[in-house]
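Asks: Based on the sequences and whatever the hints tell you, model everything.
Number of protein chains: 2
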Amino acid sequence: MKAYYKFTAMAAAALMIAASCQKQETPAATGANSTEAVIENIMTRTSIRQFTSEPIGADTLETILKAGMAAPTAVNKQPWAFVAVTERAVLDSLDAAHPMARLSTATAAIVVCGDLNLAIEGPGQEYWIQDCSAASENILLAAHAYGLGAVWCGVYPTEERVANVKAALGLPENIIPLNIITMGHPAQNPEPKDKWVPSKVHYQRW
Amino acid sequence: MKAYYKFTAMAAAALMIAASCQKQETPAATGANSTEAVIENIMTRTSIRQFTSEPIGADTLETILKAGMAAPTAVNKQPWAFVAVTERAVLDSLDAAHPMARLSTATAAIVVCGDLNLAIEGPGQEYWIQDCSAASENILLAAHAYGLGAVWCGVYPTEERVANVKAALGLPENIIPLNIITMGHPAQNPEPKDKWVPSKVHYQRW
Numbered sequence: 002m003k004a005y006y007k008f009t010a011m012a013a014a015a016l017m018i019a020a021s022c023q024k025q026e027t028p029a030a031t032g033a034n035s036t037e038a039v040i041e042n043i044m045t046r047t048s049i050r051q052f053t054s055e056p057i058g059a060d061t062l063e064t065i066l067k068a069g070m071a072a073p074t075a076v077n078k079q080p081w082a083f084v085a086v087t088e089r090a091v092l093d094s095l096d097a098a099h100p101m102a103r104l105s106t107a108t109a110a111i112v113v114c115g116d117l118n119l120a121i122e123g124p125g126q127e128y129w130i131q132d133c134s135a136a137s138e139n140i141l142l143a144a145h146a147y148g149l150g151a152v153w154c155g156v157y158p159t160e161e162r163v164a165n166v167k168a169a170l171g172l173p174e175n176i177i178p179l180n181i182i183t184m185g186h187p188a189q190n191p192e193p194k195d196k197w198v199p200s201k202v203h204y205q206r207w
Numbered sequence: 002m003k004a005y006y007k008f009t010a011m012a013a014a015a016l017m018i019a020a021s022c023q024k025q026e027t028p029a030a031t032g033a034n035s036t037e038a039v040i041e042n043i044m045t046r047t048s049i050r051q052f053t054s055e056p057i058g059a060d061t062l063e064t065i066l067k068a069g070m071a072a073p074t075a076v077n078k079q080p081w082a083f084v085a086v087t088e089r090a091v092l093d094s095l096d097a098a099h100p101m102a103r104l105s106t107a108t109a110a111i112v113v114c115g116d117l118n119l120a121i122e123g124p125g126q127e128y129w130i131q132d133c134s135a136a137s138e139n140i141l142l143a144a145h146a147y148g149l150g151a152v153w154c155g156v157y158p159t160e161e162r163v164a165n166v167k168a169a170l171g172l173p174e175n176i177i178p179l180n181i182i183t184m185g186h187p188a189q190n191p192e193p194k195d196k197w198v199p200s201k202v203h204y205q206r207w
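Residue numbers (the working numbering), protein chains in the order written: chain Y, 2 to 207; chain E, 2 to 207.
Bear in mind the hints are in silico, worked out from the structure with no lab data behind them. Careful, some of the hints might be misleading.
Identical copies look the same in the list; a pair holds intra-copy or inter-copy alike.
[Unchecked claim] List time: in silico DSSO-like cross-link candidates among lysine-lysine, alpha-carbon distance up to 30 Å:
hint, residue 1, residue 2
1, Lys78, Lys194
2, Lys201, Lys167
3, Lys167, Lys67
4, Lys194, Lys67
5, Lys78, Lys167
6, Lys167, Lys196
7, Lys201, Lys67
8, Lys67, Lys196
9, Lys67, Lys78
Replies: Structure representation (structure tokens):
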């Protein structure tokens, strides 16, 4: 019986190797499970707007900020700054600055900002918007990976919101708030939206 | 002996539960390894500009496009369209349209576009840039998860690049190319940039 089990174990291992060879793409370092985990995390992320009172750990918040700063930027300018808010009074002042930001139950917020002093000079300056948006998506995905909920509340280019958020946080002239990412431990569990529309993909040319 | 094994198995399970309770954040559904895989994938992604001749599988390309369309969008407008290019002649025409896109060895490209007909009307129209940037970051992260290399080559708002890419792909008036995401199996293995600058994080207020 022992020999039989050994044989089936070897056969199973051989099948697994054979199956992995059929995959055209070699998954990243930590293997196929890692590939699936990343894709699943992207596909299951959805906006969360209701939170429990449990705070977010400082280490977790820092890792999420590091994930934000790992985003690519045009000409590697990294033209950004981040305001991480966990104090109730400041969250309330942001809530007043942007009533759609749903901060009443949030335990944290990250305000992703462009730093125009670090941005490309001339007509390429606007690339900061794309750079900070990529950082924002990283923040949402990292938060979701920790089981946290988050929602991207747009600030720029809505002029009134920009002025209000700048005032609430004391941002200098060159610092433009792109959004408020509202965060916390989720108190709701909505289904992720299925946004796959095959007709929005054009192959080769339009 | 059987009872002993049962006991140790139960003890191990209890220890695992206890260990998981110490974590302040509950990792997403598939567990702590999944959290680490997502964070690692974000932190190790870097721009790849040299590729082997091995093509990208059609299924993989479609999953990467699905990941793009899973990004959040302002007021859920999903104001985007994607051109997926794998034919050499079209890649060459894109290379001519944007010489910095490094398409000479690429086996695929995804051109992420804003669809102004689907965008918010009025002053909020520009949110399409942020929506398409979030989709682009998802595409880069999904590609990296499959062990593929990619690089985000900015098109919009550089007017000449926008006109050239529109002409190369036959894009209608309302479709604005944000970027060309150049892709393929990597033929280089550069170290990811360490972009963590703690002084760019401000706590509570500026």
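Asks: Now, for every hint given, state plainly whether the structure supports it.
Replies: Hints and how they fare:
no.	hint	in the structure
1	Lys78 / Lys194	between (33 Å within a copy, 12 Å between copies)
2	Lys201 / Lys167	between (37 Å within a copy, 16 Å between copies)
3	Lys167 / Lys67	within (23 Å within a copy, 36 Å between copies)
4	Lys194 / Lys67	both (27 Å within a copy, 12 Å between copies)
5	Lys78 / Lys167	both (22 Å within a copy, 27 Å between copies)
6	Lys167 / Lys196	between (33 Å within a copy, 25 Å between copies)
7	Lys201 / Lys67	between (33 Å within a copy, 11 Å between copies)
8	Lys67 / Lys196	both (28 Å within a copy, 8 Å between copies)
9	Lys67 / Lys78	both (16 Å within a copy, 29 Å between copies)
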